[in-house]
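Each residue of the sequence shown is one higher than the one before, counting from 1 in the numbering used here.
Taking CB as the label site, the calculated pair distances span:
1) E12 x A260: 39 to 45 Å
2) I391 x D331: 18 to 24 Å
3) Q55 x G132: 29 to 35 Å
4) W470 x E407: 47 to 53 Å
5) Q55 x E150: 43 to 49 Å
6) R327 x E29: 45 to 51 Å
Computed cross-link-like contacts, DSS-like style, restricted to lysine-lysine with a CA-CA straight-line distance of at most 27 Å:
7) K445 x K455
8) K2 x K110
9) K360 x K91
10) K469 x K455
11) K51 x K22
12) K351 x K374
13) K360 x K388
14) K359 x K380
15) K351 x K380
16) K49 x K2
17) K49 x K110
18) K91 x K2
Worth flagging that the hints you see were computed from the coordinates, not collected in a lab.
Since the structure is predicted, the reported quantities are computational estimates derived from the model, not experimental observations.
Beta carbons: idealized from backbone N, C-alpha and C, even for Gly.
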Amino acid sequence: MKDLRHFIGQLEQNEELMRIKKEVDWDIELGAISRRVYDQYGPCLWFEKIKDYPQGYTVINGECGTWRRVAIAMGLDANTPLREIYEEYEKRIEGRLQPNIVDRKAAPCKENVFIGEQADIYRLPAPLIHEGDGGRYIGTWDAVITKDPETNWTNWGMYRFMIHNQNFLAGWPQTTSQFAMMLNEKYVPKNQPMPVALVIGSHPLDHMVATAPMRPGVNEAEVAGSLRGEPVDLVKCETSDIMVPANAEIIIEGEIPTDAIVPDGPFGEYPGFRSGTMAEGVAFRIKAITHRNNPILSMTALGAPVDDSSIAASLTAAVGMKLGLQRRGIDVTDVYVPPEGVTHLVIVGVKTGGIEVTKKVLDFFIARRVMVSKVIVVDKDVDVFDMKQWIHAFATKCHPGRSIVVEHFVGKSNALTPCYDAEERRILKGAFAAFDATWPLEWPKENIPPRATFKEIYSQETQDKVLAKWHEYGF
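All chains should be built: construct the whole structure from the sequences, respecting the hints.
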């Protein structure tokens, strides 16, 4: 599967795509339709006729808005169980596939090239997604590519970008993000603008990788290739040496000046609430726009879960956390980030529990930037992917007086956490709570009660007897 267009065909074959042929207004209407379909757990939407835009300029929303679509993107059966999707993803991202470097003449994203004054962002049908948004957001389901000028490491990330005017975008990367750290540590001290490429409509797994918490220095193009199962075709930008996916629908090339800011927001963000008021954003000076014939603008109408953002982060963040915890020597069975918890809640299964293990888990999460605010630690016999099991464990095994550990900090919290007040968001002040929902290690084995389930409270003999007669009972 080389690109978004092939993926669209796969969605159609699996009845996961709806083509909307009626003209739709980019101003609010398109976003409202998309948001309602998310709320109804509906299909991926392909808007084929956008008001004020010529035929062929289309918008797609919801590429990875369900686990079925994620499975399809990975080349798996659409009905693959969630645990198997996690296991396959974890296996693949450990691999690396060197990308193919292609000539610009062979790159579909170069079919139309506009440089300098010709690079008018309004030629693309960016939507005004939510009522109350600060502007038209062209970057929502994207991949933002930057390059370290000293090491040549290229980073892929997913950040929002709003149209400011014909030649500028406004972005809001959090100060704890790799984008912001690269800008502030490598470019600002030298007063050099940071080259950047905004990729829209690439292979859906490229966008998934952009959400993943990869360590600095990891080549995400190689990870994307391993995840796809084939090398990513890359091509050089027109105005910088940044390499971008050659089969992407749209590439917006530019730079981030170190001496300019532009207003960004507010915006209906991934935690499911509008993100405060207008704030100072980074200025993205547009230098070039290239796109395929009949370009497809990929987007996600972010909001209350479940949508592409919460699904993608559920997978990429959870596996990244699992690997990080294991590197710290914690015996983890599995990690699950429920999409409904919008990466603010994590479920961690451990082989051996107890409050000290829970404290070690907490220490891992608050070591650097703290995007999560709550973790529930459960025993190995609890399936972290089964909500009824971990909720039951939390409700019955987490002692309200001695099983909750809270840590406070300043300067590294998630400014999009809705329960933080304005001052806490400004100074990145936050707290992290870890809930120990495991049996205390000091308890004798005979003191631990068995769960009253069919498989655990009855003998194997009784289970076999009942199962042998199951159909005779009339089930």
